[in-house]
Amino acid sequence: MKRVGIVALNTFREAVRDRVLYNLVFFALLMMLAAVVVGQISIGIEESVIVSLGLSAISVIGLLISVFIGVALVSKEMEKRTLYALLAKPVRRWEFLLGKFGGLVLTLAVNTAAMAAGLFLVMLYVKHSLQREDAVVLVAVYFIWLKLALIVALALMFSCFTTPLLAILFTAGLYIVGLYVQELRNLPVDVMSPATAAFTKWLSYLLPNFENFNVMAMAAHGRAVPGTLILQNTLYVVIYCAIVLTGAAAVFSRKNLK
Amino acid sequence: MKSQRAVALLLVLILPLGFAGIWRLQHGIDSQLAAVSQERDDVLLRSGKLVKWMSLEYSPLLADIYWTRVVQYYGNKHVRRQANLEMLWPLLDVTTTLDPNLVVAYRFGAMFLSQAPPAGAGRPDQAVELIRRGIQANPDYWRLYEDLGFVYYFDLKDYQKASEAFLEGSKKPDALVWMKVMAAKIAAEGESFSTSMFLWNDIYESSSDPLIKKNALQRLELLKAQEDCKQLNALADEYAKRNGRRPARMSDLVQAGLLRGVPADPEGFAYVFGEDGKAEINLDSPLLEQQLLLERLNKAVPR
Amino acid sequence: MSGFAIEIENLTKEYPFGFLHLKKKTSLEGLNMQVEMGEVFGFIGPNGAGKSTTIKLLMRLIFPTAGSARILGRPISDVEMHKDIGYLPEQPYFYDYLTAAEVLDYFARFHDLRAGDRKERVERMLKKVGLETARKIQLRKYSKGMLQRVGLAQAILHDPKLVILDEPMSGLDPVGRREVRDIILELKREGKTVMFSTHILSDAEALCDRVGVIVGGKLRGVGAPGQLVDMKTQGMEILFALTGASDEPLLAKAMKTGEYYRLQVAEGELYVAIEQLRGTGARILSVTQVKATLEEFFMNLVEADRAQAAAVEVSGK
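Residue numbers (my numbering), protein chains in the order written: chain G, 1 to 258; chain W, 1001 to 1303; chain F, 2001 to 2317.
Isolated chain G (complex conformation):
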């Protein structure tokens, strides 16, 4: 586990030294400021506009980071052969993989927290004080982070199978599919054969369901999120990441490097 930590910290350090990340976070904060302006020109929805625009910005920026950097985590090391010297050290491949994952998830946690802090500052500026209900925004941010962790795991897995470009496409594709899984379940049953219907139903429960993490509407209107849901979503991501990372490790451990 110690070796996993070493790799994770180095991955975090790489991210910290990457200027792109700062630009993205800066962009997110800019969007939140824009929300203040939008809020002022529309009537009655100032607070909810700020919250939904801010959360959207956090989500979009996080998505960009987790898909692109998530795919690059391992593929860049293979491409540039920085991995060679490392694997000659007493490190197992799965330890390396897990470390890389942990490092980016840590980076995302810091990023998301920074953007969330920005959002709260903007909220404070507009409302002059924060209420208890505003804690739901924190929950929404936590859910976004959970979602991003799952995406990083998926990106990592795809990058173990295929080229970076395809891995990006697959990850983005699965994310979009994951947003509409619910719809899959709502397809009219009688236009499909029973086999297809059963298959789509199964699929709809096993594919990563990204709608689970969408509480933006509740956050925007200050309605509380039940604790059970927080627990369930946390568990969901932990288990799903375990599955995906195990698969990734199984592939990566047998991969011939160039």
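In case anyone wonders, no lab produced these hints; they're calculated from the structure.
Misleading hints may appear alongside valid ones.
[To be verified] Examples of chain W residues lying across from chain G (beta carbon under 10 Å, computed):
1. G1018
2. F1019
3. I1022
4. W1023
5. L1033
The C-beta atom is built at its ideal place from N, Cα and C for all residues, glycine as well.
Start from chain G and add chains W and F according to the hints.
Positioned in the frame of chain G, the structure of chains W and F alone reads:
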């Protein structure tokens, strides 16, 4: 190798266990989310123009997506036998604004809208508006006139307008000859068994959508059953003339030599005589339910 | 524990290629080889001969089609064994956002060293490979030669028992090569085992206790550089200067370079030739043994391999 077997074992353990856990959790999360959010029966954006403006150059694609939503929405309600289809019109409105040439949306959309619940929204007025829009955007497509005539004929019982629609459509290029025949026939007779049979049969033949086909088939069977009942009543009158009393059961007609066997409806259920001595669909037949629904519709639309 | 640092048994690597990976290219064919404890072993062959493939197989960067190998008496799949080995990849590349000191510190962390110990070692290594002035510069600004030095430093950082170097001299200037040679010799003095690959034969000749020659994925000979060369005919070269003109027929065979003449004769005819030269009044400057160099041995093998490949191609048609 030892490590390899360990990895394989781990995979075999983690994957099924993990997915089983995900399965359970997803159900839990669904019920949680269902509890905290209202029925999500909503069209996100109701203004077709706004959606079109936001869709960049991809409005036809977006129209397809909205159309899929229409079918899903309709299909879901249909399966659950829910009658409140109030989202149908806004969805169709956005779809046809996004892509005015998506003919399928007008045709099936009108059918979904015009029929009585639970088969449709029971809003033939909106169906007419939708088709008129479709005709405006696709003036040379004769099938839309057929659909318009169809709605007037079956749902609004406005035979003059129906006849006009068929006549107008018959002038369009590629229109089939029977359109003209239909126009004349409806103008002369109003509603008749043969016209109704023909129209439903045409829907059945020309559609490839299983839902539409099924609906058309039910209508055809019902028409056939109603026609059968009419004939049986005629035979019963004949029986009454000969024997001085109305037949109590179908077998009386057979014994009297008026029928060769006890006749059955298209679903295979024998016809019976009701308490009033009129021929009826068997209580066990699924067609009965259809018939009751139709009757309710005819009373409900006082046009 | 066996007496070998590296034992390789029937190691074979095939690469699938072509559409749908249906064809196979063999880049290493049934390699059997041992490296003894405490020796400097040179692994030589032309580019693409299978040197790097062998080393990557040993490091489990790629996986063999067949065969096995043991390092320090343990199977190569044993990760703990890596505590005792150091590896320099071919054309090494490291995280370019780190400085030399940081990258070494990063690698050192994997070797259960205490923080103070780690710092001290990193400093010592930087000094050893001559990078102490560049230690605070990010690696993205490093030249190829400097990266090679970082690579060497990380390979020997943790005081390993066995060091495997893939082309350690490539990309270095003469001074750098000299330094690498010194480091290898120092490792040998410390009792470490060193295996390195190279296509530069003079390096191998100067450093190695034994060499293995690999051409076309097959091992063509293993032994001390001298032993391998012994297989070739030898002769003697006489270097002399002429004081006056002469028509001695032997002179016609001599080659004039500058003021001096060189004459090659068979070993048995040496004394006769010297007598004859002295008869012409020549001043004998030196007599040296002519060794067929490793290079010639190498060239012969490559030629033979090409001839064989050509023959196969012809017979295949």
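Consistency of the hints with the structure:
Hint on G1018 (chain W) holds. Least Cβ distance to chain G is approximately 4 Å, under the 10 Å limit. Interface hint at F1019 (chain W): satisfied, since its Cβ lies 6 Å from the closest Cβ of chain G, which is below the 10 Å cut-off. The interface hint given for I1022 (chain W) holds, since its Cβ lies 6 Å from the closest Cβ of chain G, which is under the 10 Å cut-off. The beta carbon of W1023 (chain W) comes within 5 Å of a beta carbon in chain G, closer than 10 Å, and the hint placing it at the interface holds.
The interface hint given for L1033 (chain W) holds, since its Cβ lies 7 Å from the closest Cβ of chain G, which is under the 10 Å cut-off.
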